[in-house]
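Next come the chains, spelled out residue by residue.
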Amino acid sequence: MSTQIKDLVERLGGQLIGDDTVEVIGIAPLDEASGSHITFLSNPKLRKQAAQTRAAALILSPADHEAMGADYQGARVVTDNPYAYFARTAQYFASLQAIPAPPGIHPSAVVDPSAKVAPDASIGPLAVIEADAEIGAGAVIGAHSFIGRGAKVGAGTLFHARVTFHAGCIIGARGILHSGAVIGADGFGFANERGAWIKIPQTGRVVIGDDVEIGANTTVDRGALADTVIGNGVKLDNLIMIAHNCEIGDHTAMAGCAGVAGSAKIGKYCTVGGAAMIIGHSTIADRVHVSGGTFVSRSISEPGNYTAIFPMAKNADWEKTAVIVRNLPAMREKIRELEKTIKSLSEKSE
Amino acid sequence: MSTQIKDLVERLGGQLIGDDTVEVIGIAPLDEASGSHITFLSNPKLRKQAAQTRAAALILSPADHEAMGADYQGARVVTDNPYAYFARTAQYFASLQAIPAPPGIHPSAVVDPSAKVAPDASIGPLAVIEADAEIGAGAVIGAHSFIGRGAKVGAGTLFHARVTFHAGCIIGARGILHSGAVIGADGFGFANERGAWIKIPQTGRVVIGDDVEIGANTTVDRGALADTVIGNGVKLDNLIMIAHNCEIGDHTAMAGCAGVAGSAKIGKYCTVGGAAMIIGHSTIADRVHVSGGTFVSRSISEPGNYTAIFPMAKNADWEKTAVIVRNLPAMREKIRELEKTIKSLSEKSE
Amino acid sequence: MSTQIKDLVERLGGQLIGDDTVEVIGIAPLDEASGSHITFLSNPKLRKQAAQTRAAALILSPADHEAMGADYQGARVVTDNPYAYFARTAQYFASLQAIPAPPGIHPSAVVDPSAKVAPDASIGPLAVIEADAEIGAGAVIGAHSFIGRGAKVGAGTLFHARVTFHAGCIIGARGILHSGAVIGADGFGFANERGAWIKIPQTGRVVIGDDVEIGANTTVDRGALADTVIGNGVKLDNLIMIAHNCEIGDHTAMAGCAGVAGSAKIGKYCTVGGAAMIIGHSTIADRVHVSGGTFVSRSISEPGNYTAIFPMAKNADWEKTAVIVRNLPAMREKIRELEKTIKSLSEKSE
Chain A
1 MSTQIKDLVE RLGGQLIGDD TVEVIGIAPL DEASGSHITF LSNPKLRKQA AQTRAAALIL
61 SPADHEAMGA DYQGARVVTD NPYAYFARTA QYFASLQAIP APPGIHPSAV VDPSAKVAPD
121 ASIGPLAVIE ADAEIGAGAV IGAHSFIGRG AKVGAGTLFH ARVTFHAGCI IGARGILHSG
181 AVIGADGFGF ANERGAWIKI PQTGRVVIGD DVEIGANTTV DRGALADTVI GNGVKLDNLI
241 MIAHNCEIGD HTAMAGCAGV AGSAKIGKYC TVGGAAMIIG HSTIADRVHV SGGTFVSRSI
301 SEPGNYTAIF PMAKNADWEK TAVIVRNLPA MREKIRELEK TIKSLSEKSE
Chain B
1 MSTQIKDLVE RLGGQLIGDD TVEVIGIAPL DEASGSHITF LSNPKLRKQA AQTRAAALIL
61 SPADHEAMGA DYQGARVVTD NPYAYFARTA QYFASLQAIP APPGIHPSAV VDPSAKVAPD
121 ASIGPLAVIE ADAEIGAGAV IGAHSFIGRG AKVGAGTLFH ARVTFHAGCI IGARGILHSG
181 AVIGADGFGF ANERGAWIKI PQTGRVVIGD DVEIGANTTV DRGALADTVI GNGVKLDNLI
241 MIAHNCEIGD HTAMAGCAGV AGSAKIGKYC TVGGAAMIIG HSTIADRVHV SGGTFVSRSI
301 SEPGNYTAIF PMAKNADWEK TAVIVRNLPA MREKIRELEK TIKSLSEKSE
Chain C
1 MSTQIKDLVE RLGGQLIGDD TVEVIGIAPL DEASGSHITF LSNPKLRKQA AQTRAAALIL
61 SPADHEAMGA DYQGARVVTD NPYAYFARTA QYFASLQAIP APPGIHPSAV VDPSAKVAPD
121 ASIGPLAVIE ADAEIGAGAV IGAHSFIGRG AKVGAGTLFH ARVTFHAGCI IGARGILHSG
181 AVIGADGFGF ANERGAWIKI PQTGRVVIGD DVEIGANTTV DRGALADTVI GNGVKLDNLI
241 MIAHNCEIGD HTAMAGCAGV AGSAKIGKYC TVGGAAMIIG HSTIADRVHV SGGTFVSRSI
301 SEPGNYTAIF PMAKNADWEK TAVIVRNLPA MREKIRELEK TIKSLSEKSE
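If you're matching them up, the sequences are chains A, B and C in order. In case it helps, the working numbering puts the first sequence at residues 1 to 350. In case it helps, the working numbering puts the second sequence at residues 1 to 350. In case it helps, the working numbering puts the third sequence at residues 1 to 350.
Bear in mind the hints are in silico, worked out from the structure with no lab data behind them. No experiment lies behind these values; they were computed from the predicted model shown. Accuracy of the hints is not assured; some may be wrong.
What the hints assert, rightly or not - When the alpha-carbon atoms are kept at most 30 Å apart in a straight line, the in silico BS3-like pairs for lysine-lysine are as follows:
hint: 1; chain 1: B; residue 1: 320; chain 2: B; residue 2: 340
hint: 2; chain 1: A; residue 1: 340; chain 2: B; residue 2: 340
hint: 3; chain 1: C; residue 1: 265; chain 2: B; residue 2: 320
hint: 4; chain 1: A; residue 1: 6; chain 2: C; residue 2: 340
hint: 5; chain 1: A; residue 1: 340; chain 2: C; residue 2: 343
hint: 6; chain 1: C; residue 1: 343; chain 2: A; residue 2: 343
hint: 7; chain 1: A; residue 1: 265; chain 2: C; residue 2: 199
hint: 8; chain 1: C; residue 1: 320; chain 2: B; residue 2: 343
hint: 9; chain 1: C; residue 1: 320; chain 2: A; residue 2: 320
hint: 10; chain 1: C; residue 1: 265; chain 2: A; residue 2: 48
hint: 11; chain 1: A; residue 1: 334; chain 2: C; residue 2: 343
hint: 12; chain 1: C; residue 1: 340; chain 2: A; residue 2: 340
hint: 13; chain 1: A; residue 1: 199; chain 2: A; residue 2: 265
hint: 14; chain 1: C; residue 1: 320; chain 2: C; residue 2: 340
Pulled out of the complex, with its shape left as it was, chain A reads as follows (with noise of 0.2 Å):
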C-alpha cells in the first residue's frame, strides 16, 4: 500500500518541494532506503550520505535544505524538526498495517456487571475486570489484563497484554501500558515495634495523566494517603519502580532499571538513565538529567546534567584503584604533614 507523498505532508505538515505525486511505501534510514522509500536526515553531518540515498523523498531541516541545495533530487519535505516528523511518519505507516483490535468483550473475558466499557473499547481475551471500573471510548485491554474496582482507563489508552492496574488508580487519555506493569500494588510502608514491622495501609491512588507510556514489568506504588502521580506525557522504560507517593513531572522520561524512592518529587522535562536510582523524599527541578547508573543521593535545585559512577577499569587496575580509595583519608594526612615539612624548609631556606 502507497502514500502519495502529498497525502503524507498533508496529514503531517511541513512544506513539500518538488515532485508532490512521488508514491513511497514506508520510512527507512538513509543508507537503507530504496526507491519506494521515504527517508531523513537529522544530523547536518550525514548531508553527504543524503545527497547518496536512493529513498523518493527526504525529510530535512531548512539549514540542510539550503546547504544540500541540489545535492538532493527528490522530492524534499523541509520541517524544523526532521526526527519528529520521521517519528509521526513512521507512526502513520505502522498504523496502514496495524490489525486494529475488534471492539467488544471476549467471550472468556470475566467482566463485573456493573464495569463500564465503552461499546467500543475491546476487552481481549481472559482479561479480568472487577466492579464499578471504567474503560474508556477506544480503550484497548489485552489479554490476561486485570484492572481493579473503580478504576478507571481514560479513551483511546492501549493496555498490552497482562496489565495489572489496581482498584482505584486512574489513567488518561491515548496511554500505553506494556505487559506485566503493575499500577497500585501497596508501598512499602511500616512501623517498626521491637524490630517487627508493623504494616501501614496504602489508600492513596496511582493517577497517571494523558499521553504516558509505562513500560514491561514496570511498577508504580499506589500513594499511603495521598496518591502517587505520574504527570502528562511521562515515558518510563521497562523494569523502573516508582514508589509511593512520587510524582514525576510532566514528559519527564526515564530508562529501563531506574528507580525513584517513596515521597520523591521529580520536575518536568527531566531525563534519567538507566538503572539511576533517585533517593526518597529527594525533589529534583525540572530540566534535570541524570546520567545512566547514578545513585542522586540528596536533592537537585538546578537544572544540569547529574552524575555519579565509578570508573570501569581493567578489573587489576580496578583493584588498586580501589585500595587507594579506600585509603583516601591516609593519603591526605600524608599530604598534610608533606606541607608541613616543606613549609619548614621554606622558612628555613629563606
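Keeping the supplied structure of chain A fixed, place chains B and C upon it in accordance with the hints.
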C-alpha cells in the same frame, strides 16, 4: 462509619486520657486532620504542630504527653510507640472499608480436583491451582494467580492478582504477595563445558515463613538442591531478586530493586536500601544496614551501617573527578616521589 | 527408582572403573551423599572429602583419579569435566521424577484457529495463542502464557506459567522461559519535540536462538526497525532488561538485575555480573567478563575482566572518603603546588 475512641483503645491498647466518648472516622497527619480524625505525634519536633491540630484525638508517647501538658485539649492515647499505634489504627480503619474477597472458588478458575482448598478461602477469577496444592483457611488467591503442584499457602495469606507460586513452594500464615511476584522459578545454575552452559536442575523449594510481604514483580528463586529460605516477618519491596539458596533472616526488610546473589545468608533485623546488591556466598550479620545503591562485595560480620556510593556531582565536575580516580595510582606514586625529595632536602638542610 | 551405574555411563559417557552394577537413586554433594547416591569431585582441594564420602560412585577427572589412587573404593566415572557431568547426571535423575506436561490444548486455553500447534505440544490452562502463531513439536506453553500473532516457538521449548511472547517474535529449540518474562514489548524510542516525546513505532522483532534460558520477569524489547537478537545458548537470569536492537552473542550469560541499553552488541562467551549495566550503542568483545554492580560506560575491545565498584565501608568511613573523592581536583592542585615549591627549594639548595 465512626468509632468511639474508647472502643479503639480497647482493641489496640494504650492509655486513654480525656473524653473517651469522642468519635473518629479515620486517622490523618497532624496538619490534615479534621475534628473527626484521630492523629499521631511520633516526632518530638512536631509538638508545636500537635498543639495546633484540629484532630479529636492524639496518639503520643509518655514523654510527649508530659511535655505538651495542656497544649492539646482533645482525647489522648498514650503509648510507647505512637508510630506503630498509628499503623494499627490505620489498619483498623482500612479494615472497616475493605471489601472482603468472596469465599469459594470463582467458576472461571481452573482448580485441580486433588487440590485442597479451605472452604472459606477465596480463589479469584481465572486462577490456576495445580494438583495437590493446599490453600489454607481464609487465604485469598487473586485473579490470574498460579499455584503450582503441591505448593502450600498458609492461613490468611493474601495473593493479589497475578502471583506465580511454583510447585512445592511453601508460605506460612498472614503473608501478602503482590502482583507479578514469581516465587520458585529455577535458580541460575549451570556448568560450563567448552564455553557452553549445561543446566543444573533446580530441585529445591522456596520456604517462606509467617507474616512475610513480597512486592510487585519481585522474584525468589527455588534452591538448587537445598531450599531458599525467607524468615518470618521479612518484608521485600518491588522488583527485588533473591537468588537460589539464599537465606533471609527474620524481620529483615529490603527496599525496591535490591538484589541478593546465590547462597548469600542475610541475618535478622537487617535493612537493605533500594538497588543495593549483595554478592553471592556472603554472610551478613544480624542488624546490618546497607545504604541504597551499595554493592556489598564481601561478607559483613559486624552490625552497623555500610555504604558504597560514588558521590554525585554536576557532570563536568564528575568528569574531572573520574579522571583523577582513574589516575590515583599515578598520584600516589607522585606523592611518594615528593616524599623522597623532601626527605633528601631535609637531610641536606640539617 | 534406582539406576545401574553402567546404564548411566552408557547414556552420559565417561570411563567407568570398578563395580558397574552399583545402583544409585540420585546425585548429592560429597558430604551429603549416602550409599545410594553418586557424587562428584570438581575441585582438587576436596580430595580428602572425596576419600571420606559414603557415595556408591564418584565422578572425577583423570588427574584426581590418579592422585586419589585407592583412597576411594567405590565405582568411579572418569571424565574431563566432572562438574558438567554432575549437571547431566542431575538432569537425568530430575527427568525420572518430572511429571510431563500433558500433550494437547487445555480446554480453558484460547487458541486462534489459524495457530499451528504441534500435536504433541502442550498448551496449559488459560493460555492465549493468537492468529498464525506456531508452536513446535514437544513445546510446552505454561498456564496464563500469551503467544502473540505470528510468533514462533521452536521444538521442545518450555514456557513456564505466565510468559508473554509478543507478535512476530521467534525462539528456537530447547529454550526455557520463566514466569513473568516479557519478550517483544516495544523498545523505548521517542523523538523529542519542544520537550514532548513522539513515539517511534517499534516494528522489529526479537529473534532468539536455540538452547536459550530467560529468567523470571526479565524483559527483552523488540527492535525499532531491525531485530533484537539473542544468540544460541545465551542464559539470562531474572529481572534483566535487554533493550531494543541489542545483540547478545552465543553462550553469553548474564546474572540477575543486569541491563543492556539500546543497540549494544555483546560478544560471545561473555559473562555479566548481577546488576551490571551496559551502556547503549556500545560494542563488547567476545570473552569479556563484567563484575557485578559495574556500569560499563564505553565499548570494550579486549577480552578480560572489567570492574567499576566503589569500595564498601562502614558508613562513617565512607562519608570521609566520599568528601575526599569529591575534593580530588583540589587535592591534585595542592600536590602540583607542593611539586613547584619543592622544585624551587631543590634548585635553591643546589
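Results for each hint:
1. 320(B) / 340(B): holds, 28 Å
2. 340(A) / 340(B): holds, 15 Å
3. 265(C) / 320(B): holds, 29 Å
4. 6(A) / 340(C): Between residue 6(A) and residue 340(C) the Cα gap is close to 71 Å, so the pair fails against 30 Å, i.e. violated.
5. 340(A) / 343(C): Holds: residue 340(A) and residue 343(C) sit about 16 Å apart, inside 30 Å.
6. 343(C) / 343(A): holds, 13 Å
7. 265(A) / 199(C): Holds: residue 265(A) and residue 199(C) sit about 25 Å apart, inside 30 Å.
8. 320(C) / 343(B): holds, 29 Å
9. 320(C) / 320(A): Holds: residue 320(C) and residue 320(A) sit about 19 Å apart, inside 30 Å.
10. 265(C) / 48(A): holds, 27 Å
11. 334(A) / 343(C): OK: residue 334(A) and residue 343(C) at ~19 Å, within 30 Å.
12. 340(C) / 340(A): holds, 15 Å
13. 199(A) / 265(A): Holds, at about 24 Å.
14. 320(C) / 340(C): holds, 28 Å
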